[in-house]
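Trainee: Listed below are the residues making up each chain.
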Amino acid sequence: MKTETPMLQIQDLHVSVEGRPILKGLNLEVQAGQVHAIMGPNGAGKSTLAAVLAGKEGYEITAGDILLEGQSLLELSPEERSHAGIFLAFQYPVEIPGVSMVQFLRAALNAHRAAKGLDPLDTADLMALLKEKAQLLKLDPSFLTRSVNEGFSGGERKRAEIFQMAVLDPSLVVLDETDSGLDIDALKVVSDAVNALRTPERAFIVITHYYRILQHIRPDVVHILADGRIVRSGGPELAVALEEKGYEPLLATS
Amino acid sequence: MQPTQDEALTRHLTTEYEWGFESELDQEYAPKGLNEAIIEFIWAKKKEPPFMLDFRMRAYRAWKDMREPHWLNAHYDPIDYQDAYYYAAPKSLTENRPKSLEEVDPEIRRIFDRLGIPLHEQEILAGVAVDAVLDSVSVATTYKERLAKMGIIFCPMSEALENYPDLVKKYLGTVVPYNDNFFAALNSAVFSDGSFVYVPKGVRCPLELSTYFRINARKTGQFERTLIIADEGAYVSYLEGCTAPKRSEHQLHAAVVELVALSGSYIKYSTVQNWYPGDKEGRGGVFNFVTKRGIAHQNAKISWTQVETGSAITWKYPSVILKGDNSIGEFYSVAVTNNRQQADTGTKMVHIGKNTRSRIVSKGISAGRSDNTYRGLVQVLPSAENARNFSQCDSLLIGDTCGAHTFPYVEVKNPSAIVEHEATTSKIGEDILFYCNQRGIPMQEAVELIINGYCQEVLAHLPLEFAVEARKLLAISLEGSVG
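Residue numbers (this note's numbering), protein chains in the order written: chain A, 1 to 254; chain B, 1 to 483.
Please keep in mind that the hints were generated in silico from the structure rather than gathered at the bench. Worth double-checking, as some hints may not be accurate.
[Claimed, not checked] Facing chain A, a subset of chain B residues (Cβ under 7 Å, in silico): (1) 407; (2) 408; (3) 411; (4) 412; (5) 434; (6) 435; (7) 437; (8) 438; (9) 439; (10) 441; (11) 442; (12) 449; (13) 453; (14) 456.
By construction, the Cβ of each residue, glycine as well, lies at the ideal position given by its N, Cα and C atoms.
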């Protein structure tokens, strides 16, 4: 029996984009240390869920609430949510020309530290931390001096996302279709990196179309999102069933 | 309801012009207006050698026959040249010229203290010598003795005319002739001071030489004149910075800078321009109408780096005449416009010698209701065998009420030339801001980070001490911009 507050509670969440309802009463509860997979057909609202969790502009929450460790997120800006422990690994990470990964993460880390009332990291400590995390994820250190995502391959971008996650040490990680556009080898590398960062304190939400990433990142719970609601939840076997039969029979019986 | 990103960006970027304070000084003025008697007054006041009266008079007469140009991609109302003072000087500096810093009026010292320009050598950034110019008069020049031991002259133009008249006479007006253009002619007629630099043969100047210009007096134009000569094989790095008080009327700043790079020498000239830009509605601000040009002799190199964040209108084209064989010209520019600011800036590279090379990197950033224009000329004359040019002009837009324009002119008269031009236009998108925010970076810092990254290639050419200041200025000048 778990009695402590869940890491994340989403309660009857309704979200509209430009007046059009996308999420229509979504409920979800994620405990610390768990991995939840959210699968669903195109247009089900998967990416909307990721964006709303991170606080992106342009999504109107018409009802419901999102609680992180018992605290509502709705009034928080994207950076405050980041400071509170939410990390979104983007489906399409943007390029920031002329800004090195070191500069970028220095700004990010120091903003997190400032939010906690801590002084900025000095350069030596910063570099030691970045090198340690790069080593953990088997990244070439030259990665640190390159501009953020500029000229990166699809696989490199996704690894860079996981690297940033390792540095910022979030409590809740949302992987938004991190597997899209990756070949088998790259998928394995990225999945290994995620697995290396699984801890009893950290929760993951893996948003995906495909079963194959779940062969590498084993979920505790699998949810099927359709038409703005979670229509089925189960163990990993649900993902296997999806892989074999597709969405239709599962949605029809729900 | 959360504020939108646009609102947040606007709020976070709203900072006031910090340098807009005004100081009460006892000023001596020339009578208002401009005529031959005024020219003579300035010449006499400054106790200049006779050739200068001739130079000034020729310039004035040429100017009288010229018409105020308006071909820039910006609008300004015709200027009433008779409704201004052409000579203003703090009395305490001219009547009994202070012999040491201790004798300088404390009020004047306070101005530079507030601006963060230390006039005491021991407080100064290591490796930087400063000439501080207030309105038309040089206040103090530091490290003069140390430089003099190496034969380097770094002093106010007025002092150079007194102590090295032959050197000034030999080079003044040789790069920018007295009748070059309307504003250069006006400057030649009435210029009051500026910096003079001479670096002798084979000497590498060990300090960054820096002039800090400050306008204080009302209804005065600032017309400074800078002349830098690098003798054969010499090297010098020079930097200018500038600010002005907030005034509701426009102030004209029509400077002339001449660089002479003799054989095998290298002059690196950096500008961090932060004149008062006017208010949000476009009231007041400095008209920065400046002529800057260098001539590079054989194997010589001239490199211009400019970070232009201030002024109501910036209108200038720091240029290089590549006269000698194998000479090199470079132009690295960041121009930021916000609110109602207008900038029409770029460069001219004139290839005359064989194997001459030029490189142009221009980054224009527009926000608010501003307009930002790059205008550049690459000219390859028939004599310029194997000339090479590369130009990169990038524009960044913040919001959708500003404009970015690029006018690259290319004239090639030698078939062996290779001239390349690349241009891009982009916006600071919400996606990139959201990405930064998601990583915990607040809006203002995110914009700073993105802008600095965008300008990295140019900022990398600034002397280190000033790159830091330039980065801060970039962020501050994007006051009230809307993403």
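Trainee: A separate judgement is required for each hint: does it hold in the structure or not?
Mentor: Against the structure, the hints come out as follows:
1. 407: For residue 407(B), the interface hint is violated, since the closest Cβ of chain A sits about 24 Å away, which is over 7 Å.
2. 408: Result: violated, 21 Å to nearest chain A Cβ.
3. 411: The hint is violated - residue 411(B) has no Cβ within 7 Å of chain A, the shortest such distance being about 31 Å.
4. 412: At about 31 Å, which exceeds the 7 Å cut-off, the nearest Cβ of chain A leaves the hint on residue 412(B) violated.
5. 434: Holds, because the Cβ-Cβ distance from residue 434(B) to chain A comes to roughly 6 Å (cut-off 7 Å).
6. 435: holds, 5 Å
7. 437: Because about 4 Å separates residue 437(B) from the closest Cβ in chain A, which is inside the 7 Å limit, the hint holds.
8. 438: Because about 5 Å separates residue 438(B) from the closest Cβ in chain A, which is inside the 7 Å limit, the hint holds.
9. 439: holds, 4 Å
10. 441: holds, 5 Å
11. 442: This hint holds: residue 442(B) lies near chain A, its Cβ roughly 5 Å from the closest one there, short of 7 Å.
12. 449: holds, 6 Å
13. 453: At 3 Å from the nearest chain A Cβ, residue 453(B) passes the 7 Å test, so the hint holds.
14. 456: holds, 4 Å
Against the hints set out earlier in the document, violations occur for numbers 1, 2, 3, 4.
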